[in-house]
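Number of protein chains: 4
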Amino acid sequence: MKNGMINVALIGHKFMGKAHSHAYRDVGMFFDLDAKPCMKVLCGVGDDLASTAEAYGWERSEPDWAKVVADPEVDLVDICTPDRQHREIALAAARNGKHVFCEKPLALDLAEAREMYQCAQANHVVHMVNFVYRGIPALQLARQLIDEGRIGRIYQFKGLYQQDFALSPDFPFVWRMDKAQAGFGILADKGSHVIDLARYLAGEITQVACATDIFIRSRPLPDGGGMREVSTADAAVFIATFAGGGLGVFELSNTCAGSKNALTLEISGSLGTIRFDLERLNELELYLAEDPEATRGFRKIMVTAPGHPFMGNWWPEGHVLGWEHGFIHQVREMLQAIAQGRPASPSFLDGMRCQAVVEALAAADRDRGWQSVGEAGPGFLD
Amino acid sequence: MKNGMINVALIGHKFMGKAHSHAYRDVGMFFDLDAKPCMKVLCGVGDDLASTAEAYGWERSEPDWAKVVADPEVDLVDICTPDRQHREIALAAARNGKHVFCEKPLALDLAEAREMYQCAQANHVVHMVNFVYRGIPALQLARQLIDEGRIGRIYQFKGLYQQDFALSPDFPFVWRMDKAQAGFGILADKGSHVIDLARYLAGEITQVACATDIFIRSRPLPDGGGMREVSTADAAVFIATFAGGGLGVFELSNTCAGSKNALTLEISGSLGTIRFDLERLNELELYLAEDPEATRGFRKIMVTAPGHPFMGNWWPEGHVLGWEHGFIHQVREMLQAIAQGRPASPSFLDGMRCQAVVEALAAADRDRGWQSVGEAGPGFLD
Amino acid sequence: MKNGMINVALIGHKFMGKAHSHAYRDVGMFFDLDAKPCMKVLCGVGDDLASTAEAYGWERSEPDWAKVVADPEVDLVDICTPDRQHREIALAAARNGKHVFCEKPLALDLAEAREMYQCAQANHVVHMVNFVYRGIPALQLARQLIDEGRIGRIYQFKGLYQQDFALSPDFPFVWRMDKAQAGFGILADKGSHVIDLARYLAGEITQVACATDIFIRSRPLPDGGGMREVSTADAAVFIATFAGGGLGVFELSNTCAGSKNALTLEISGSLGTIRFDLERLNELELYLAEDPEATRGFRKIMVTAPGHPFMGNWWPEGHVLGWEHGFIHQVREMLQAIAQGRPASPSFLDGMRCQAVVEALAAADRDRGWQSVGEAGPGFLD
Amino acid sequence: MKNGMINVALIGHKFMGKAHSHAYRDVGMFFDLDAKPCMKVLCGVGDDLASTAEAYGWERSEPDWAKVVADPEVDLVDICTPDRQHREIALAAARNGKHVFCEKPLALDLAEAREMYQCAQANHVVHMVNFVYRGIPALQLARQLIDEGRIGRIYQFKGLYQQDFALSPDFPFVWRMDKAQAGFGILADKGSHVIDLARYLAGEITQVACATDIFIRSRPLPDGGGMREVSTADAAVFIATFAGGGLGVFELSNTCAGSKNALTLEISGSLGTIRFDLERLNELELYLAEDPEATRGFRKIMVTAPGHPFMGNWWPEGHVLGWEHGFIHQVREMLQAIAQGRPASPSFLDGMRCQAVVEALAAADRDRGWQSVGEAGPGFLD
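Residue numbers (my numbering), protein chains in the order written: chain A, 1 to 382; chain B, 1001 to 1382; chain C, 2001 to 2382; chain D, 3001 to 3382.
FYI, nobody ran anything at the bench for these hints, they're computed from the structure.
Below are the DSS-like pairs computed for lysine-lysine, each with C-alpha atoms no more than 25 Å apart in a straight line:
#1 K14/A x K67/A
#2 K300/A x K3300/D
#3 K1300/B x K3300/D
#4 K1014/B x K1179/B
#5 K14/A x K36/A
#6 K1036/B x K2014/C
#7 K2036/C x K2067/C
#8 K300/A x K2300/C
#9 K36/A x K3014/D
#10 K3067/D x K3014/D
#11 K2067/C x K2014/C
#12 K1300/B x K300/A
#13 K14/A x K179/A
#14 K2014/C x K2036/C
#15 K2300/C x K3300/D
#16 K1036/B x K1067/B
#17 K1300/B x K2300/C
#18 K3179/D x K3014/D
#19 K2014/C x K2179/C
#20 K3014/D x K3036/D
#21 K3067/D x K3036/D
#22 K1014/B x K2036/C
#23 K1014/B x K1036/B
#24 K1014/B x K1067/B
#25 K36/A x K67/A
#26 K3036/D x K14/A
The model shown is predicted, which means the values in this text are computed figures rather than measured ones.
Take these sequences, add in the hints, and give me the full structure.
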């Protein structure tokens, strides 16, 4: 960080690379930052790298990530690659003293995640895993309300994350359907989002039981070269217990017809209930048992008022935000943490603890039994 | 059955007794029946029995159920007592050649349920268990659509049944909170409704994992005589596999703030998805993947059109029904089955199979492991 | 009224006759009445009269209404005939000292309505017009909240009543499409419901502007005898001012695709807003501006709690009511008023004032100008 | 336009200036443009102009708009000033051969709007008025469906635009509350949005009746210098007829408690109905009467599929957009029109026709009578 600028290198220029690029591009227009991002270099694989870099606003492009993480000019390495590359890049970056912002899931397994966390700590860099939905105003409001005790002690947590992109048997085989490349598949991909939100809102998960299924057993290769057997689950269901008491129930799916990006939560406690639906991310539903009987009911809060999280920096009340805004808020957190010399949140430790739950789920599914989350649960490390 | 009349005796005059009384009172006004019910005798315990019988339209009242089930005039015995009395009354009635209509859950455990089913079969009486929600037009439409293959092969079934009547720690200790009296508690009470609907819509459940919790450990006795420890669960979560493939996820609660009578279902398959919410029981949501991309979305069907199940007998389209109407439709099924000399549906076998799942859930919860549903699953008996 | 019984004669045995019959049949089961109804005689035209009377629970049937209104045994005459017969029957009944319960709209025009009101008053009988939606718990709650000042001074009232039964050009010509028989058509039929609710919730209407349209100009005769020109409107829109200040906006339609029985209201004031939708009649939405910014939003109140209007007499919380229950509540009001020797509400005066608005609307539509409601507005009579 | 770049000058740096700045900043990242915008100069009044220009990404700032519209380097003048300045700036810009993109309402009155339209035409510049909601994918889909005849001939159009920012009597007096500065007040401000959408979706408005009201008669001056009388309406209601037949009903409010940015539309026709709510702008509801009775209902379309308008350029399905995205789509239209040497849409003619309706409304309100829209209606000009 020089002259109040943080030089950013972004590795990965596909879907997530686009979302992160947009966030760096816009964050300074809406938020006062202690240090502004400078979009130095976009790194990726493919002929479209240079043109993409230009379109997204990066100063230059570079196909070799090793050069990027060694570049003295770079302050912050942002990792948007496929999961299997997270570890190697993050370790190299941290060892070079770069701050690291990594997409979720942090790693392929718990061992990798622990190594990444420990390396980042040892090298005293700021580290953050991009559980982007913590950046949604409605979910930050949910956390505030829970912290204030508005819904009391949490009894039940329900987290569903369902899409239907893979519903058609004609949907092609992609790398996420290959267990070797995708690690824990939907448990890691969609599961990590919901697990992180469960941890964020309801605390640590202690035990799990899980079942998964592959509904469409083989799929056409994208190149027309025939069919290939699918080795990762289309859907998963699991139940859980929490460290602070309370029960959890979860459902994940890539083949749930009609669910487009349906991350829905219900958190109920001794005094009230909160509901959220990512397809209507500007709204939060809140029920307060303390309200008088005659006028008691779920309140549909438009989380767009000036006093709501982040909203003072956006548009007038009722002028809704979209999915991409979560990235801006998370990038802001990372940039401010660097500028202020403080840890970022959620950190690699959060990424690691989430990974521990994913791993417990996979074991519970494999063994058809309950599984304890173990060392990464509460009390582990710091 | 004489002169086209079926003489009914109803045992139990509280909540369920009232709902059943109302159904007998109204069914003949809206449906052409092959034999009409004659409301002969109301049986129950308490000083208000005679006045209740009069208010509800019963010819007479009788405190002793043993007399009622032996009364030669009675054709049909309807059992609305606490669960622990179901078995004894049903057995006596069947042995006396009475047709038996019994509230859910059929029995306290699987052994009782089997005995009741076998006794009713052996005595060639019509038997039916009142899973009342099968009588809701929207759920009959759901079954029709599934039978027609509109949502294809079922991949996922979600069933939640949540209320909040017991949320306040001041809510008193009632018999359902005593394990000795309530059997499997919420697993039997709310669980049996959802399990039956899962069986009705998605087929037999084969394996389950389950967790329950008691959030409020002791409650005040209604008579002001201090506190008593609660021994049945406030909430339960479970996951399941189905005989035809597919995953199930379930949540039950008496302490879910804001849920008043929230039985919500989502059944998704290879071609579409169905959603239902008991608090809006006149509606069914349907997503058909076959619809063109541009105009595809969940359809909110008002299940009140003349062609919808039962609705040709009620009011014009859009003139909604209430919760009580399910009872009328189920009573109609029982009366017609008797008049037509055919089995009724859902029968005691359905009640028994449901009980087998409840029992597996209780075992899975106790042992913290997966449990097979066993003999009462598909292929068992009939 | 003898021996605590009120002998009822019901004239009209079609749609409304069925709804009223059901109400008399059920009201005593759910409500403690000071005098119970005795379903004496059903009067109507058609071969099915006797069988209908029996199915609905009437002691006997009688085709000649003149005999019915003169029958010394009859205490209460309930009028469910086509609108054009209301006046003649009501006048005869009142002159014979019968209490009169009349379906809406009270009359074909204001002059008739005034005559009916004055005759009923002069003969000291209890008179009530069945604006049935005042009998919906959610709307009684709305009135309570408004009376308590919870939404402050009313600024805006929106009332829509839309159905789509006449959308298809194949829908046949019925008497309501003939101006000569139907009076003011949709303005009277649907309009009177919405106008009455506007008066009930927001006060007297003072001035109106209105436009109507006939979208389908001719329709097939039901007997297959060709087409007939339609002379009443398919839809109407109007705006209004209120005596207490505030603006109103209204829409009525028989051809609004997808609206099945969509009576929707929004009443907003200086302190809050209320919303209602008849297709979800167990719910009321309430926004209170006084709530803190962070947790402010429309509350979806399930109007099924024990403390909500009428609900202590029905089922447990969350066990929803249907459309027909409004009739039970209105019949109860009429019976109690008779038993207690007090006026019923809404009375023929309400029916007359509603008629004055309907008449002003028709004039405003005809003349394409604003129209004052005139003498039947606030300050008129009593 | 040189070297494939369009040099933009933006006049106005407050709310709308921010939204437009953001659009120019982002449009090139998501859309392939025939010519890219170059953010040359931001013009405005106030000490924060230079810092705002930098934060928003403008090359430089300039307080004098006269210099800006005369600057040879500038290709496109974007007007985000208060309404009363639109005319003068637009005329000067057009006379200097600059393309003009102007916020709505186009002008203070019809005469101004006509002058602006004629001047832009005479100078052969591309002109566009920013009715931003035409840029929302769901509304473009609505238009497509209507053009394809999916809902048939339009019978009814309902358009409401309600907010509650001015609900509190403590909300200060702002320039929009002064008739001298605000022209037709809410009729122009909110009304122009809804009128434009009515024209876009249902065709030209021919006649109107209207009522407005000021609920809070005086408000505190922002500087604490006492109270000032309000001379523009807090709310308005109006009804309308359309050139192609059909009825319209409209409601506008700044004081409708709980409505944050509630622009809701319902367009129903002979074959179906469309509904839209700006607070849930990623959704469109569609009812098709042709669907079979059993499965007919409003479809909640998530307008985020690749084939939906604009959505192929954004995120995967279900990843929702926000309010600001409409500006990006409208800026894209303006830039492409310039690059392609074609007219933009909606043009100043649309702005003028909208103004004609606003003016008719004001006259209808003033005179309490129906008003014809007159020359700006269908058939006028082009």
